[in-house]
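**Q** Residue strings, one per chain:
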Amino acid sequence: MNRDIFVIIEHLGGEVADISYVMLAAAREIATALQGEVVGILLGEGIENLGQNLAADMVWLFDDPRLADYSPTTYLHILGELIQQHVPRTVIFGDTSTGAEVAAGLSARLDLPMVSACHRVTVGDQSLGYESRICGGRIQVQGELPSPTALIAMVPGGYNPDSGRSAAPPPSEMLAVPRLEEQPIHLLSYIQPETGDVDISRAEVLVAVGRGIQNQDNLEIVEELAEALGGDVCASRPVVDQGWLPVSRLVGKSGRRVRPKIYLALGISGAPEHVEAIGDSQVIVAVNTDPEAPIFNLAQFGTTSDLFDLVPVLTDHIRQARSERVA
Amino acid sequence: MNIIVIAKMVPDLVEELVVDPGGKGLDLDWIRWKPNEFDDHAIEQAILIKERQGAQVTVVIPNMDGAEDALYAAAAKGADRLVKLRGEFTGSANNHALARALGKYLPELQPDLLLTGVQAHNDLDGSLGPLLAEFMGLPYVGYVAGFNLQGGKAIVRKEHPGGVVAEMEISLPAVLGIQAAEQAPRYVAFSRIRQAMKTTAIEEHEIPHLDISGAAEVSLMKQVESGERAEMFAGDADHVADRIVAVLRELGIL
Ligand SMILES: Cc1cc2nc3c(=O)[nH]c(=O)nc-3n(C[C@H](O)[C@H](O)[C@H](O)COP(=O)(O)OP(=O)(O)OC[C@H]3O[C@@H](n4cnc5c(N)ncnc54)[C@H](O)[C@@H]3O)c2cc1C
Ligand SMILES: Nc1ncnc2c1ncn2[C@@H]1O[C@H](COP(=O)(O)O)[C@@H](O)[C@H]1O
Chain V
106 MNRDIFVIIE
116 HLGGEVADIS
126 YVMLAAAREI
136 ATALQGEVVG
146 ILLGEGIENL
156 GQNLAADMVW
166 LFDDPRLADY
176 SPTTYLHILG
186 ELIQQHVPRT
196 VIFGDTSTGA
206 EVAAGLSARL
216 DLPMVSACHR
226 VTVGDQSLGY
236 ESRICGGRIQ
246 VQGELPSPTA
256 LIAMVPGGYN
266 PDSGRSAAPP
276 PSEMLAVPRL
286 EEQPIHLLSY
296 IQPETGDVDI
306 SRAEVLVAVG
316 RGIQNQDNLE
326 IVEELAEALG
336 GDVCASRPVV
346 DQGWLPVSRL
356 VGKSGRRVRP
366 KIYLALGISG
376 APEHVEAIGD
386 SQVIVAVNTD
396 PEAPIFNLAQ
406 FGTTSDLFDL
416 VPVLTDHIRQ
426 ARSERVA
Chain C
524 MNIIVIAKMV
534 PDLVEELVVD
544 PGGKGLDLDW
554 IRWKPNEFDD
564 HAIEQAILIK
574 ERQGAQVTVV
584 IPNMDGAEDA
594 LYAAAAKGAD
604 RLVKLRGEFT
614 GSANNHALAR
624 ALGKYLPELQ
634 PDLLLTGVQA
644 HNDLDGSLGP
654 LLAEFMGLPY
664 VGYVAGFNLQ
674 GGKAIVRKEH
684 PGGVVAEMEI
694 SLPAVLGIQA
704 AEQAPRYVAF
714 SRIRQAMKTT
724 AIEEHEIPHL
734 DISGAAEVSL
744 MKQVESGERA
754 EMFAGDADHV
764 ADRIVAVLRE
774 LGIL
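Chains V and C, in that order, give the protein sequences. Numbering (my numbering) for the first sequence: 106 to 432. Numbering (my numbering) for the second sequence: 524 to 777.
Hints were generated in silico from the structure; no laboratory data involved. There could be a bad hint or two in this list.
[Said to hold, decoys possible] Stretch-level coverage of chain C by chain V, calculated; a stretch enters the list once three of its residues show a Cβ under 8 Å from a Cβ in chain V:
1. 721–729
2. 758–772
[What the hints assert, rightly or not] Chain C is nowhere near these chain V residues, computed Cβ spacing over 10 Å in every case:
3. Leu181
4. Asn265
5. Ser271
6. Val282
7. Thr409
Glycine residues also receive a C-beta, built at the ideal position from the N, C-alpha and C atoms.
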């Protein structure tokens, strides 16, 4: 049986994405138990340097101008052939804008079992398992990762990315890109995110608002609170998708990572795609009427008060506290 | 342009989720089903394309509680054709099974463009779109927030982490996983949905057998337990506000 673990390294804009180190940390656990090797796989153009700090036993590089930009069909083709040829025990992808679709595509194409939203892997006697979180982070699912090859799409949170970094560069090898037919997908351009009026990734005080705010008009009380606090307003995805706040204020998987002193989450349930970007906050205080909301698993402090009752009162108390200090 | 949107019902997370006594699935008695919100975005995107350049929009949905309401709501927004898939979709049916079945059926409808929500919160075996694309031998791009048609090709905006957007060109037919429509899904009044019930018929298509292979098996399902839950502030708004102010003072913010 092949014991090797393939990790498909994610990178964008010349930088290895954090999720890659999380995946390497998971791969190391499996490899140690199975006495296999961790193989980091990099696709791109001019990517040799990206392999330098990966905690892998070997890095395989597909370095080619045709891979300068991510294309799902190209990735499917190259990785499909590679997996069929080597039959690794598992292949770990990020459950991300690139990894999720490639993993699923390969599962169908190669008839290999896959699991998404994988938080951790578990290693038993000769068996490998997964732990995934679904239903907005409320439900944990466990099961086996069948032989010979299982595909995993991994989310952050289960491993410390630092364990996936290495001081010593791993050995690397350049692999030949297989023949590529004319591709149906082409990159036209990248559009960089607008920075907007404030950079929430640097803010020390953030008042975050979620779907619980109900409509745009209600944002006023949140803005007043942020102003009283000397902080900025940011939001979960539904608020931005409704067009109530600009995308520069979006916190989460598709938005910004934040690391404030305080993150005051108002009417936010705590879906994995949101909380993966707020874990570096010094203190999280969550206001949510649902006592079961997953945000309370992460927050240090919480309350099930209705935000519409609490926020105006809190704003008053903060103003009062400030004026007392001045007086 | 023939657009097919594939939608699904998912458990409403506002309700409590209860694991069934077997410990491998959710207790169906407790679930309230609602349309997957990203599928709502896919429907909205399809309607926007129709309004802009003309298209026939077909919405296909597995028969689950609430599926007919979801179809009629789509018709009220402008969908032309409604299809309900009959089969055993609740319980162990997964995206591999649905994608396989759709891969056999959808070519009959001769789609130019297939849209589906980028994912559903209960996906455990990958999302539907990339599986379906592979079973149909079509290209797939997910995380799409923005669509245009140019010279018979789709120009999409794919969202990468950190807000970077890749503009990509895709030959049609193709499958797209919609993250967000260009505008928030429109609201339709119930009176218009009732109107659609009278004017748009739901077609049915039988899925005789669901082949669930391709997903890792579930041996245990449970509520997520966290080591430490938040320290909860109870009492009236005044009292809770005082406690939060104390935290802010502790942090040196006040
Ligand atoms: C590929 C992908 C990427 C994504 N990226 C992101 C991302 O970057 N950022 C992001 O945020 N999401 C992202 N999402 C969406 C994510 O899955 C969730 O849908 C989203 O985070 C939910 O936002 P929410 O918590 O505001 O809404 P909900 O989950 O609807 O929660 C609203 C909460 O408000 C509470 N509430 C209601 N009324 C009140 C009240 N009066 N007082 C107090 N509490 C109240 C409710 O109890 C509920 O818990 C992404 C999803 C996908 C599929
Ligand atoms: N399996 C169950 N066990 C215990 N209580 C239930 C179960 N299913 C539903 N309920 C409760 O009964 C109420 C009515 O459920 P229903 O009859 O399914 O509409 C629900 O709101 C639940 O609170």
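**Q** All the hints need checking, so say for each whether the structure fits it.
**A** Cross-check of the supplied hints:
1. 721–729: Check failed, 0 qualifying residues.
2. 758–772: holds (count 11)
3. Leu181: violated, 8 Å
4. Asn265: Correct as stated: the minimum Cβ-Cβ distance to chain C is 15 Å, above 10 Å.
5. Ser271: Correct as stated: the minimum Cβ-Cβ distance to chain C is 23 Å, above 10 Å.
6. Val282: Given that every Cβ of chain C is farther than 10 Å from that of V/Val282, nearest at about 19 Å, it holds.
7. Thr409: Violated, since 7 Å does not exceed 10 Å.
The structure is inconsistent with the numbered hints 1, 3 and 7, although it conforms to all the rest.
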